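Participant: Protein sequence lines correspond, in order, to chains A and B. The working numbering numbers the first residue of the first sequence as 1 and each following residue consecutively. The working numbering numbers the first residue of the second sequence as 1 and each following residue consecutively.
These are computed hints drawn from the structure, not numbers from a lab. Fair warning: this is a prediction, and the values are worked out from it, not measured in the lab. You may find that some hints are simply not true.
[Stated by the list, open to error] Which chain A residues face chain B? A few, computed with CB under 8 Å, are given here:
#1 R151
#2 G158
#3 D190
#4 G196
[To be verified] Using 16 Å as the maximum straight-line C-alpha spacing, the simulated EDC-like pairs for lysine to aspartate or glutamate come out as follows:
#5 K8/B <-> D190/A
#6 K14/B <-> D190/A
#7 K14/B <-> D247/A
#8 K8/B <-> D184/A
#9 K14/B <-> E189/A
#10 K14/B <-> D193/A
Heads up, the beta-carbon is just placed ideally off N, CA and C, and yes, glycines get one too.
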Amino acid sequence: MTAQVITVTSGKGGVGKTTAVANLANALAMDGKKVVCIDGDIGLRNLDVVMGLENRIVYDIVDVIEGRCKLKQAMIRDKHYPEMYLIPAAQTRDKNAVSPSDMVRICNDLRADSDFVIIDSPAGIERGFRNAIAAADRVLVVTNPEVSAVRDADRVVGILEAEEKGTPHLIINRLNQALVRNNDMLSAEDVLDLLGIQLIGIVPEDESVIIGSNRGAPVVTDGKSRAGLAFRNIAKRLQGIDVPFMDLDQQSGLWGAIQRLTGRK
Amino acid sequence: MNFFTRKKSASSAKERLQLVLVHDRTDLTPAQLEALKDDLIKAISNYIDIDPEAVQIGLERDGREQRLVADIPLRSVSRHRAG
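Extracted from the complex, chain B is given alone in its bound form:
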């Protein structure tokens, strides 16, 4: 890699660690997370019409807390439920 074009290594160290630590802390592999996502889509689809392609599920960290964050856009719903 050229000295001038290479990405500075500290940034890749941090990005890689961020991912590794989230999985270490939750003891959840990327494959398991993918399976969880599929199960979740199936369960939700029993009640509400969603676009499986648009669903985003990921682990986020905030200090030492882990959070499972899901963004699940609904297909044109005619009425809204509270909550």
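One chain only, chain A, in its complex shape:
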């Protein structure tokens, strides 16, 4: 095994990086992959709660770096998928407790024994972001179809290109197709045209994402959720499987049925 190290970043905060990491990790674990998630947001850790593992933390990544524990001891095993682990961020330290070379070393130690290492980057373009991208083989940029998120995503793409990290892939999160249809939200095509990078997935806005976070059970585990399906598809694409993009116009429920019958779509 040689793991692929994937960093999920965005520039702007609150666009869904942590949600994306938790869901992609779960989806990959559901496909039988061995996955290690790293929370790169030192001082503002959150991946643990979104994954429902907050009560199991003993050691964190800074403990590993400063030699207080072995790497294995900081890897928290998931409740449902024994092949999925979380290395939590330290909550009472700042970004300077970790350096880019620390991240490279930890990821190299993880590579031999896993299929995917997924790093949740903090928002911004400073130290924490630099740490998060240092070891990446591949970077996923998450954005929302709105002006501030797209602008920040473009800055991040520019920095990644300047750092010769290659062109990242784009996840458009929280797309509201009803607003797009009404021409009151940038469409996926608009965002792609503006950013000029390759798309790896579009995740529709979906209430069940919040419900999943509340429970610490990411939405991919909900078979009925459209956002869950979108994340499962992205996980397949990360494994090199060609999955067609979902039809976002497909609506569930009565209204969707009426629209289909009347041929409005």
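Chain B: place on chain A using the hints.
Facilitator: Only chain B this time, still in chain A's reference frame:
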């Protein structure tokens, strides 16, 4: 604004972003671009007769590439140079 007459917001979002991104990527403000245009007109006018009013200079994007595009009409020239 009236619901029926207002411009749909996605279009203005896209237009505004197109401009902002070009300037973000090139790190060139509209004022600097204007100064560049003036300098360019001065330099070219040393060699060839042009109409400063007709000069158009702008930044264009093509995927992730930026391009400085200039359209500089010449005043009636009597001979053409190659290139």
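Participant: Of all the hints given earlier, name the ones this structure violates by number, lowest first.
Facilitator: 7
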